[in-house]
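Chemist: Residue-level listing of the chains:
Number of protein chains: 2
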Amino acid sequence: MTTVQTLGVYIEDAVSSYRFPAQPANLYDPLRYFMTLGGKRIRPALTIMAGDLFDIPKEESLPAALCIEFFHNFSLIHDDIMDAAPVRRGKPTIHTKWNNDIAILSGDVLFTEAYEQLTAYSDERLALLLSRFNNTAREVCEGQQMDMDFETAVHVTEEAYIEMIRLKTSVLLGCALEFGAILGRQSETTCQLLRDFGVQLGIAFQIQDDILDLYADPEKFGKQVGGDILSNKKTLLLLTAQRLASANNDSRVSGLLNMPADQQKIDTAKQLFEELGAVKQVKEIMNSYYQQALHALTELDVPAEIKQPLQQLSEFLMNRDL
Amino acid sequence: MTTVQTLGVYIEDAVSSYRFPAQPANLYDPLRYFMTLGGKRIRPALTIMAGDLFDIPKEESLPAALCIEFFHNFSLIHDDIMDAAPVRRGKPTIHTKWNNDIAILSGDVLFTEAYEQLTAYSDERLALLLSRFNNTAREVCEGQQMDMDFETAVHVTEEAYIEMIRLKTSVLLGCALEFGAILGRQSETTCQLLRDFGVQLGIAFQIQDDILDLYADPEKFGKQVGGDILSNKKTLLLLTAQRLASANNDSRVSGLLNMPADQQKIDTAKQLFEELGAVKQVKEIMNSYYQQALHALTELDVPAEIKQPLQQLSEFLMNRDL
Chain P
7 MTTVQTLGVY IEDAVSSYRF PAQPANLYDP LRYFMTLGGK RIRPALTIMA
57 GDLFDIPKEE SLPAALCIEF FHNFSLIHDD IMDAAPVRRG KPTIHTKWNN
107 DIAILSGDVL FTEAYEQLTA YSDERLALLL SRFNNTAREV CEGQQMDMDF
157 ETAVHVTEEA YIEMIRLKTS VLLGCALEFG AILGRQSETT CQLLRDFGVQ
207 LGIAFQIQDD ILDLYADPEK FGKQVGGDIL SNKKTLLLLT AQRLASANND
257 SRVSGLLNMP ADQQKIDTAK QLFEELGAVK QVKEIMNSYY QQALHALTEL
307 DVPAEIKQPL QQLSEFLMNR DL
Chain X
7 MTTVQTLGVY IEDAVSSYRF PAQPANLYDP LRYFMTLGGK RIRPALTIMA
57 GDLFDIPKEE SLPAALCIEF FHNFSLIHDD IMDAAPVRRG KPTIHTKWNN
107 DIAILSGDVL FTEAYEQLTA YSDERLALLL SRFNNTAREV CEGQQMDMDF
157 ETAVHVTEEA YIEMIRLKTS VLLGCALEFG AILGRQSETT CQLLRDFGVQ
207 LGIAFQIQDD ILDLYADPEK FGKQVGGDIL SNKKTLLLLT AQRLASANND
257 SRVSGLLNMP ADQQKIDTAK QLFEELGAVK QVKEIMNSYY QQALHALTEL
307 DVPAEIKQPL QQLSEFLMNR DL
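Read top to bottom, the protein sequences are chains P and X. Per this note's numbering, the very first residue in the first sequence carries number 7; after that it's consecutive. Per this note's numbering, the very first residue in the second sequence carries number 7; after that it's consecutive.
Treat the hints with caution; some may be incorrect.
Heads up, the list lumps identical chains together, so a pair's fine if it works in one copy or across two of them.
Below 20 Å or equal to it, Euclidean Cα-Cα: the simulated DMTMM-like pairs (lysine to aspartate or glutamate) are [said to hold, decoys possible]:
#, residue 1, residue 2
1, Lys240, Glu164
2, Lys239, Asp89
3, Lys239, Asp107
4, Lys239, Asp155
5, Lys64, Asp129
6, Lys313, Asp61
7, Lys103, Asp155
8, Lys226, Asp202
It is worth saying that the hints were derived from the structure and are not from the lab.
Build out the structure end to end from the sequences listed, making use of the hints.
Modeler: Structure follows, in structure tokens:
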């Protein structure tokens with residue numbers, strides 16, 4: 007039985023011992039830097055854990071796991087440019103430490119490095135891995151575009167928001183898990199159930215992130231509480247509050263958005279979203295995705311004790327302080 | 007027998023009838039726009055022509071050809087951002103018509119679309135296609151980085167310059183041709199000969215481009231003659247002239263670089279590079295690569311009349327007005 011904790015060291019070791027070419031230094035130094043900034047390495051762990059369900063040794067799953075992790079980091083490097091984000095995991099982003107051109111190009115080569123990992127599987131599994139990975143990569147790009155579009159959109163529905171987070175972040179978790187099933191030469195049904203588990207869990211996790219951004223204990227959260235509302239970011243919480251308020255001709259959410267970006271705005275938002283019932287509704291939606299994830303895991307035709315690490319991981323992910 | 011001319015319409019039709027998803031429009035509209043800006047479609051034609059050597063129908067080679075063409079366009083989209091190029095094929099570049107973020111992301115999704123084409127080959131050829139494509143994509147990124155590094159480098163050797171153009175532009179021609187051999191299930195020797203033919207021809211073509219930039223007939227050239235020297239771009243011509251001049255303590259090339267960017271600078275360069283013997287040397291190098299390309303084609307174990315279209319294409323490419 008393999009848990010995400012025991013895998014952490016194994017994956018970190020594989021990532022940090024991965025040898026990018028020495029030259030051109032301006033292309034590969036940024037990758038050597040970025041890939042050692044850490045992160046939870048949840049995605050590659052999911053691939054190895056899913057492979058483990060079908061007795062695939064972690065050494066065999068590793069290239070597929072690295073494919074997912076390299077892709078994830080590629081998307082972070084490019085997203086950081088688009089978001090003009092100065093910092094990632096407490097360190098300067100590539101486009102800040104080097105420049106935009108280098109961040110674009112080193113991201114591109116990391117994307118190729120992700121695909122290169124798949125060549126470890128030159129048998130009949132390759133076509134399926136490649137096809138699923140292409141689909142996922144395309145969807146992640148679509149999700150990022152929707153996210154950028156939403157910044158300037160006048161009206162965003164809650165459904166569109168959930169579709170955005172599904173594409174931008176959740177399908178990659180689904181792909182990470184499905185990779186394990188493909189490596190284990192499992193049926194399409196099994197592949198689909200593991201994919202669903204990952205996608206639904208990812209959506210629930212992301213919604214939880216929206217809630218935590220406003221309601222987390224500042225001591226434990228690790229980043230500024232209230233960042234989303236300070237920048238009027240269209241989170242599920244805000245979109246739900248807007249809908250509930252406008253149904254009652256309640257102008258308090260509009261008023262909130264016009265407040266200056268300070269602690270008072272954060273406090274007002276916390277109270278208002280509770281009063282409107284937005285927090286309750288959003289938690290219900292989050293839980294419904296979490297239940298769907300657990301349901302997919304239950305449906306998976308694998309002995310319960312074998313599935314336990316994935317069950318535990320999903321509990322761990324969904325039990326951050328709420 | 008298939009010639010590049012007869013293939014032009016076929017490929018253009020396939021590219022223009024390719025259906026990108028409708029949404030998100032900000033992601034796919036730029037690709038619909040960019041992919042119909044035209045271009046010579048030489049690279050996909052090479053794949054189909056190489057496949058034709060081994061009786062692979064053009065319909066079967068088409069996805070591999072589109073993979074190459076999509077990748078080429080992806081690299082143009084991202085290069086245009088890095089080069090801050092406002093115009094491509096007489097039309098605004100994507101980052102100009104939309105913005106940098108959209109150009110980054112639509113480039114990324116086009117890169118995925120290139121890989122998606124390879125899933126048309128789910129048999130034993132896939133692993134080799136994917137592996138060769140990954141290598142090529144990595145090398146193209148490395149070449150682009152070298153090109154950017156050269157802009158600020160104090161000293162660039164002629165060897166380093168040729169290595170840069172090999173990576174940035176020639177390996178993709180080699181890959182386009184090798185794809186045809188892989189589709190035809192040919193030996194590694196045959197794959198290598200076709201790859202060599204493409205790489206050497208690509209280097210010769212690129213060197214010819216450097217010469218034409220200064221010595222072309224302005225009526226026929228289609229873009230401004232002398233653009234490279236006006237911006238002091240380190241072309242093989244300039245690098246060779248610098249070496250020849252410095253060997254004789256001749257300060258005229260340094261003087262040239264300090265001249266204002268006008269017609270007089272262009273005229274001075276033309277005369278000076280001839281006098282120094284740089285043009286002669288660069289033409290010799292170009293011809294040596296061209297001869298190596300033709301030699302690889304000769305070595306290819308395919309009846310001469312079958313190889314004729316590739317022979318004709320290389321003559322066509324190397325007989326621009328010089």
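Chemist: Next step is simple, just say for each hint if it's right about the structure.
Modeler: Status of the hints after comparison with the structure:
In this assembly of identical chains, Lys240 and Glu164 lie within 20 Å of each other by CA distance solely inside one copy; the values are 10 Å within and 54 Å between copies. In this assembly of identical chains, the alpha carbons of Lys239 and Asp89 lie at most 20 Å apart only when taken from the same copy (13 Å versus 33 Å across copies). In this assembly of identical chains, the alpha carbons of Lys239 and Asp107 lie at most 20 Å apart only when taken from different copies (19 Å versus 28 Å within one copy). Proximity of Lys239 and Asp155 under a CA criterion of 20 Å is satisfied intra-copy only: 12 Å inside one chain copy versus 39 Å between copies.
With identical chains, the CA atoms of Lys64 and Asp129 are at most 20 Å apart within one copy only, with a shortest distance of 18 Å there and 26 Å across copies. Taking CA atoms no more than 20 Å apart as the test, Lys313 paired with Asp61 passes inside one copy only; the shortest distance there is 12 Å, against 51 Å between copies. For the identical chains of this complex, Lys103 and Asp155 are inter-copy neighbours only, at 16 Å across copies versus 27 Å inside a copy, given an alpha-carbon limit of 20 Å. Neither within a single protomer nor between protomers do Lys226 and Asp202 lie at most 20 Å apart by alpha-carbon distance, with minima of 30 Å and 59 Å respectively.
Checked against the numbered hints above, the structure breaks only hint 8 and satisfies the rest.
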